[in-house]
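Enquirer: These protein sequence lines map, in sequence, to chains V and U.
The numbering of the first sequence is full-length UniProt numbering, which starts it at 1 and goes up by one.
The numbering of the second sequence is full-length UniProt numbering, which starts it at 1 and goes up by one.
The hints are simulated quantities; they were obtained by calculation from the structure and are not laboratory data.
Hints may be right or wrong, so weigh each one.
Pairs involving identical chains hold if they fit within one copy or between any two copies, as the list cannot separate such chains.
[To be verified] Simulated crosslink set (DSS-like; lysine-lysine; CA at most 27 Å straight-line):
| id | residue 1 | residue 2 |
| --- | --- | --- |
| 1 | K234 | K223 |
| 2 | K40 | K223 |
| 3 | K234 | K25 |
| 4 | K233 | K25 |
| 5 | K25 | K240 |
What you are looking at is a predicted structure, and each value in this text was computed from that prediction instead of being measured.
2 protein chains.
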Amino acid sequence: MQTTEQLQQILNNAIQNLNLPGYPKQLYDPISYIINLGGKRVRPLLVLMATELFGTDANESVHAAMAIEIFHNFTLVHDDIMDNAPLRRGQATVHEKWSTNVAILSGDVMMVEANKNLAKVNPVFLKDTLDTFNATAQGVCEGQQLDMEFESRDDVSIEEYINMIRLKTAVLLGGALKLGAIIAGASARDADLIEQFGENIGIAFQLHDDILDVYADPEKFGKQVGGDIIANKKTFLLLKALELAEGDAETALKTWISAKAFNAQDKVKGVRAVYDTLNIQQIAKEHMNHYRDKALALFAQINVSDERKADLLTLTNQLMDREY
Amino acid sequence: MQTTEQLQQILNNAIQNLNLPGYPKQLYDPISYIINLGGKRVRPLLVLMATELFGTDANESVHAAMAIEIFHNFTLVHDDIMDNAPLRRGQATVHEKWSTNVAILSGDVMMVEANKNLAKVNPVFLKDTLDTFNATAQGVCEGQQLDMEFESRDDVSIEEYINMIRLKTAVLLGGALKLGAIIAGASARDADLIEQFGENIGIAFQLHDDILDVYADPEKFGKQVGGDIIANKKTFLLLKALELAEGDAETALKTWISAKAFNAQDKVKGVRAVYDTLNIQQIAKEHMNHYRDKALALFAQINVSDERKADLLTLTNQLMDREY
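Chain V with its partners taken away, still in its complex shape (with noise of 0.2 Å):
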């Protein structure tokens, strides 16, 4: 069973290789371009590491790896055209830097390269690599269409909201180690539980994502603590807040979102002590290990030895225990 390092390494390689057409040049260029920001290659090493958990080289899914990569990195060009965002991972986006036009089209020509490099997968896995790939894209292609229309509607619900970040982040990750436990051959049953293990804890990741927006050290905390409370971004604690609140609690919330004019450290400070008064923190973490815990129990059901299970199990815990 190779390392998470040695996965990593066959990833970096996959990412160097991926021999992209060089002709017409502005559709190809902004995907080296988006590929090579970096980030933490999470998806794709979740494929190797699930055909690994199942007994299987990694290499055997290194292509549907490849495919989630591509795929998740075109979710990321067309987002940040709808979310007209200039940067990503701190560099100007495709619309940017060239244009919305470009990054619409090479948007498009990545979801091919995507399938491309899923049709590479062994045939005998391939009619299942495909529902499942296809199911997770849609899935998230409905994730981010709830998402814009959660924007302009202020009686978005708890329930939607899980079933949206769900949809917009989970699916991917499920989808991407039931990719790579089908490539395994795994049973059905086992393929399932990791899916829905991958699902479970992309809604905890979420949610964590939510509270450290808020409750980050800002000296270790990656961008501005607060984001989401600046922007009235309709998170867990947002609407869990909304629910919650009653009184002066209630009329200093409602104050801070329909304020036009603000300070913005004075809003996210304010908005922070109404949440301290309604305990939202806590609340929130406490959904955050409800979807962490499952995820541990449905791991805990799958077919294979504990001794397995610790890279993805470490990997996991690395990503959960980002610092507040």
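Since the structure of chain V is already known, use the hints to place chain U on it.
Expert: Structure of chain U alone, referenced to chain V:
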């Protein structure tokens, strides 16, 4: 062997039964909208006709035909954003009716739907089907990129133009036919021949369109005659005229092209007069006939009886015989 009318009925039924998800509504409504705007359904019909040509029931390739039709409609939705087009088949484009973001994301999920349909193909032919579909989709994206680049270039050669229309328009016809052949279990040679037939006939179709835009009978032509001239669109006719024009003809042509304010009918008349001096219509027809003849020569080599070939030839002739 089923008649063309029977195959069209199979297509109509399949489109009625596409069974798209209903939620999120804003993601899926645009798909039904664009697909039900109609069109001649030539591309999916070619899939079915190729399958029947090689002696297999067209119902075997109906999922591939749907994949081609959904993919084609996806390219229309995204191209209309890029081209800033307000109308498609006389109705509002998706980005006009909803928004650019909806059009981007609905387009993306159409690509997924196309791939979902493709995955339903008989597993024996799945790998070949995917490889052909992905190569086709990639070509179409490359063609759209080149088309956009050519708008701002003034040194586009005839060779580059033919390659652009080959990618943007013709490879999808070739790909549709090849998919149908693959699913019928045709030999690799026959599958390649019918693909090449489709590509060459597609280039002939586009040259025919270029000629029609200038020389169609306004009574019979569906749209404004001279639209390409008014917009300075770099068609075969304009590029050839720029190549050949000297002296007064060159001056007249360049004056019309660079004119900022002009009477549209005068410009159409003026540019057409230059074309007539240079015998452009005749030259364009010779090029068109060259590709049509090449297509027919390839088609003749396909190892199937003339009787089975008759319907595809009839369709081809119908599409080429639209009146001037």
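Enquirer: Does each hint fit the structure? Answer for all of them.
Expert: Status of each hint after checking the structure:
For the identical chains of this complex, K234 and K223 are intra-copy neighbours only, at 18 Å inside a copy versus 48 Å across copies, given an alpha-carbon limit of 27 Å. Only within a single protomer do K40 and K223 lie at most 27 Å apart by alpha-carbon distance; the minimum there is 16 Å, versus 52 Å between protomers. Within a single copy, K234 and K25 get their C-alpha atoms only as close as 39 Å, which misses the 27 Å cut-off; across copies the closest is 21 Å, which meets it. Proximity of K233 and K25 under a CA criterion of 27 Å is satisfied inter-copy only: 22 Å between copies versus 37 Å inside one chain copy.
Taking the shortest Cα distances, K25 and K240 sit within 27 Å of each other only across copies (26 Å), while inside one copy they are farther apart (48 Å).
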